[in-house]
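Number of protein chains: 6
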Amino acid sequence: MDSRVRRAFYIGRFQPFHLGHHKVISEISKNVDELVIGIGSAQDSHTPENPFTAGERIMMISRGLKDLALQYYVIPISDVYRNAIWVSHVKSMTPPFSSVYSNNPLVSRLFNEAGYAVLYSPMYNRTEYSGTEIRRRMLSGEEWKHLVPEEVVDVIDEIKGIERLKEVAMKGDIETLE
Amino acid sequence: MDSRVRRAFYIGRFQPFHLGHHKVISEISKNVDELVIGIGSAQDSHTPENPFTAGERIMMISRGLKDLALQYYVIPISDVYRNAIWVSHVKSMTPPFSSVYSNNPLVSRLFNEAGYAVLYSPMYNRTEYSGTEIRRRMLSGEEWKHLVPEEVVDVIDEIKGIERLKEVAMKGDIETLE
Amino acid sequence: MDSRVRRAFYIGRFQPFHLGHHKVISEISKNVDELVIGIGSAQDSHTPENPFTAGERIMMISRGLKDLALQYYVIPISDVYRNAIWVSHVKSMTPPFSSVYSNNPLVSRLFNEAGYAVLYSPMYNRTEYSGTEIRRRMLSGEEWKHLVPEEVVDVIDEIKGIERLKEVAMKGDIETLE
Amino acid sequence: MDSRVRRAFYIGRFQPFHLGHHKVISEISKNVDELVIGIGSAQDSHTPENPFTAGERIMMISRGLKDLALQYYVIPISDVYRNAIWVSHVKSMTPPFSSVYSNNPLVSRLFNEAGYAVLYSPMYNRTEYSGTEIRRRMLSGEEWKHLVPEEVVDVIDEIKGIERLKEVAMKGDIETLE
Amino acid sequence: MDSRVRRAFYIGRFQPFHLGHHKVISEISKNVDELVIGIGSAQDSHTPENPFTAGERIMMISRGLKDLALQYYVIPISDVYRNAIWVSHVKSMTPPFSSVYSNNPLVSRLFNEAGYAVLYSPMYNRTEYSGTEIRRRMLSGEEWKHLVPEEVVDVIDEIKGIERLKEVAMKGDIETLE
Amino acid sequence: MDSRVRRAFYIGRFQPFHLGHHKVISEISKNVDELVIGIGSAQDSHTPENPFTAGERIMMISRGLKDLALQYYVIPISDVYRNAIWVSHVKSMTPPFSSVYSNNPLVSRLFNEAGYAVLYSPMYNRTEYSGTEIRRRMLSGEEWKHLVPEEVVDVIDEIKGIERLKEVAMKGDIETLE
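Chains as they are written, first to last, in the working numbering: chain W, 1 to 178; chain B, 179 to 356; chain Z, 357 to 534; chain P, 535 to 712; chain U, 713 to 890; chain H, 891 to 1068.
A few of these clues could be false.
[What the hints assert, rightly or not] No farther apart than 30 angstroms at their CA atoms in a straight line, the calculated lysine-lysine pairs in the BS3-like style are these:
1) W:66 <-> U:742
2) B:323 <-> B:208
3) H:920 <-> P:625
4) B:244 <-> Z:386
If you are wondering where the hints come from, they were derived from the structure by calculation, not from laboratory data.
Computed from a predicted model, the values in this text were never measured in an experiment.
Based on the sequences and whatever the hints tell you, model everything.
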C-alpha cells in the first residue's frame, strides 16, 4: 500500500444515509486522506429493515457527501454470513486501508483479530440519528426529513421510497408466503 | 410470448395445499387460459413451518386440482434471499405469464416494480383456510381434514406427514444442536 | 409412496426438447403410470450450450407431449455441483418415484448407490436427435426443424430463440469480460 | 463398509465441548469400535451462540478426549440449510457409519428416513452440562470451569475465548449494522 | 430516477485497467453526465486471468481516471453464474442508469431483453489494449507499461502485482491440488 | 495458540492417498509436533478427477498413517472458489498452526500474503506417486496397488472404488446431460 496515503474504513447499512453518518464521516475526514465507505448487507432490499438497494444507497451517500472535500470510495459489501472470513471478504473488495473506524463490538473484534487498528468513530445523537428510528418515522407518517441530508430526501422521493417501505413493511417476506 | 394465451402466475408455500388455495385457483381459472403455480420456499422441508418437500407439495396440488379443467404448471421456486432479483429468478423458471394474482404486499410490489399487472387474488376464509392454522391443528390433534381436499389427506397419509410434523416440531433445528 | 402407481424419473437438459426425447418418453410411457421429467441445469440460460431458460423448456415439453396420453410432471432441477448430494436434491424436488430411466453412467451410478432401480432408456438415433447437433444447425443456418416436435418450433419462434442463440454464441460469457 | 468395524455417528455444536459431551461419548464408546464426531454449524464463529471456530472446537474435543481409549474422527459439518439433503451431506464428509446416537428429534427423523438405526444417546445432567448455560455463565462472570474438561479451559484461555464471547455478545451482528 | 441526469453503465474486468478502457470511458464521457463503471468477476483474484482483487482494480480505475472531468461510480459486480438474473443483480448494486455501453454480445443481449438501450462502446486498438495481452507480456517479461495509465503502473508496483501474477500463473489452482 | 506445540498445515486432494503423500508426511513429522492435514475439494466426489468422497479419503489417510507416531488432524476443506478468502476459510476450520508445507505456488502465495511461513514440502517421485497417474492406471487396468499404502487398497476395495471410477469416467457430468 502506498504509505503516504492515510486511508481508513468505515461501514454501515445506510438505510437510509442520515446526518449522523454525515457527521461521523465529516469528523473522520479530519484525520485521514481517503475513506473507504462500505455499504453493509448490500444484497438486501425491499424489506422493512433494508428498504433500499445498494445502488440507491450509493446515490444517497454520493450526493449527501457533496459538501465534503474528501476522497472517498463507496463499496457495496454483501453479507457472507461467516464472521471468520468477513474481514478477508471486505479486504478483497476494497482499496487497502490501515485503520478502521467503528463502535460496533463485532466489527472491532474481527478487525482486531486480523491485526488492524480500530478507532472509535466519533459520537453523535444516536437516538434520533438512527436508521431504525428514521424508518419508524417514515412508516408512521412522522417527520423524518430533518434527520437526513437534503439530497437524501431527493433520492428517496425519486425512487418513491416511502411508498415502497410502507408496502414491504405490511406483511411477511418471500420466505413466509401463505 | 404467445399473445393468444392468457397465462397468469400464482405463488404459495402450500404447507399443505388446502381448500382456500383450491378456491382461489378455481376463481382465477375463470379469467385465464393457463396458470403457473409457483411453490415458494421449495428448498425447505422437515421444519415446523415447512414440513413437506417440494415434491410432496407437487403431489398435493396435482391431485387436489384433478377436478379443475385448467391447464396449469406447478413449479418449485427455491428462495434466493434477495428481493431485488426474485422476479428475474421466478421468470427464468416459469413459462411466460402476463399477470400475477397475489394479495401479498411484497410479491405485489416486486412484480409491480418489474412492470407486471398484479391482480388481487380472490378472497376466502383465511382464518381456517390457513397453512399455519392447519399445521397447528395437526400438531394438537384437532380436526384438519375438512380444510384440505380429500386427495391431500391421502398424500399426507402416504408420507406419514403428521408423524413427521410432530417430530420436527419437537425441538430446534440442525443449526441449533446442543 | 402410493404403491399402486408406477412412477419413474427421466432427466435431460432439453436444449431444446427434440424428437429423440419424445420417442424415449413415448416408449417409457408404455411401462409406467406416471413420469417425472427433470429439467437439468435449470438455472442456466443464454449460453451456447444452454440457450433456453427452464421456463421456456417447460413450454417446449408441455406442448411437445400433448399427443401423449401420459400423466407427467415437469420439474426444473438446478445444479448443485456436488454429486454426493444430487440424488437427495432431486428427490426433494420431485414426487416420489421407484425407478429411473437413464443411459448416462453418472446418473445411473448415483441412483444405484442410493438404492434405486435404474433402467436403460430406450434407444433412438442419437447422431441427429441430439441437442448439440441441433444447436450447431441453428447456428450454422442448416435445417433443424424436422428434428423437434412442431410445437417446439413454435416456442422457439415466439421467444426468438435462434436470434438469441446466435448472439450468446458469438463471444465469451459474463465471467470473461475484457 | 468394513463390516467388522462398528462405527457410529454423534453430532453436536460443542460451543464449548463440556463434560456432558464427554460422558455421552464415554458411554457410547462401550458399544462401538469407532466414533465419528460431527461438529455442527462448523462455519459459524464469533457469535453469542457460536463463539468458537470449528478449528478451536476440534482442539477442545481432541484434547478433552485424550483420556478415552477410543478411535474417533472429528469432522466439521457446515450447515446446508436444507433438511432434505442434510444426511447426504453428512455422509459425504464422514467415514461410513452404521448407527447414529442422537436425542434430537430432527436429527433422528432425518437419519430414520434415510434408513439408519438411531439410538438414544446416554443421558446426563442437561441443566448444567449445556452449552447455553455455560456461555451464560461465561458472560455473567459465574463459575463455568468445572463444567468442561480441564483441557478445554486451557484451549479457551489460549484463544482468549471469554474476552471474545463478551465482545461479540455485546451488540448485533454484521447483518444489522446501524 | 432523476430524469435530468444522463447516466450510463459500462462494465469490464479491468485485469488490469488499461489505456483502451481509458479511451472508451473518455469517449463515453462526452455523451453522458455520469458513468457507472462495473468491475466484473469482482470476487476473483490471484488467478492467471484475474490476478488483481476488486479493491486493487478500484484503485487502478480511480487513479487512472483522475485526468477526466467525469462523475463516475466504480462498483464491484460479483459473478452470479446465472445469466437470467444478471441484469437484476447489476441493477440492485448500481445507481440507476438509462443506457449501457458494450460491445459484448451477451451483455448487450441481456440488457436488451431487459428493455435497455445498448450502445456500441467506442473502438480502440484491441490487439494491444487487451487485458489478456498485457498479462501475457507481464508474464513473459515484455514491455507492458506503455499500455496502461501511469497511475496503474504505480498501483501494480505497490502491490507487487507482477510477482503475484507470475506465482499464481505457475501451476493449477486450489481446486486441482495434487 | 499454545506456543509450546509446533503445529503445521499440509493440504492435498488425496484422490487417492498414496505413498508420495505418506512419505511427505513422514518427513514433515520429524520437524513438527502435530500436523493438520487438509483434504482439498472436500465437496467433490464421483468425478474422474475426484472419485472419492471426503469421508472415504479420511478413511484412507487415517488407516494409511497408522504406522506413523504423529498427532495429526484430518480436516475436509470445501472449495470456496475465491482465492482472497481461502486462507481465512482454512484457518476457521483447523486447529491453529504456525507453518505451512507446500510446493504449490498458489497455496504458498496465499499463505505468504497472510503472513505465514511456508516451507517446501519434502520431495518424492512425482511421476509415479501422483493421483492423476494412479487414477489413469485404475482406469486402464494397469497396476496401481504398489503406489498406495496397503490400507488404501483395502478402503478402495471396500467401497468398490475402481468400479465407481470407471463408471463416472465414462461420460460427462450432471451439468452436461443430453
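Legend entry - Restraint check for residue 323 (chain B) with residue 208 (chain B), where alpha carbons must lie at most 30 angstroms apart: holds (27 angstroms)
Inset, instruction - Please work out if residue 920 (chain H) and residue 625 (chain P) have their alpha carbons no farther apart than 30 angstroms. - result: At roughly 34 angstroms apart (the allowed maximum being 30 angstroms), residue 625 (chain P) and residue 920 (chain H) break the hint.
Legend entry - Restraint check for residue 66 (chain W) with residue 742 (chain U), where alpha carbons must lie at most 30 angstroms apart: holds (22 angstroms)
Legend entry - Distance restraint between residue 244 (chain B) and residue 386 (chain Z), which requires alpha-carbon spacing of 30 angstroms or less: holds (22 angstroms)
Checked against the numbered hints given earlier, this structure breaks only hint 3.
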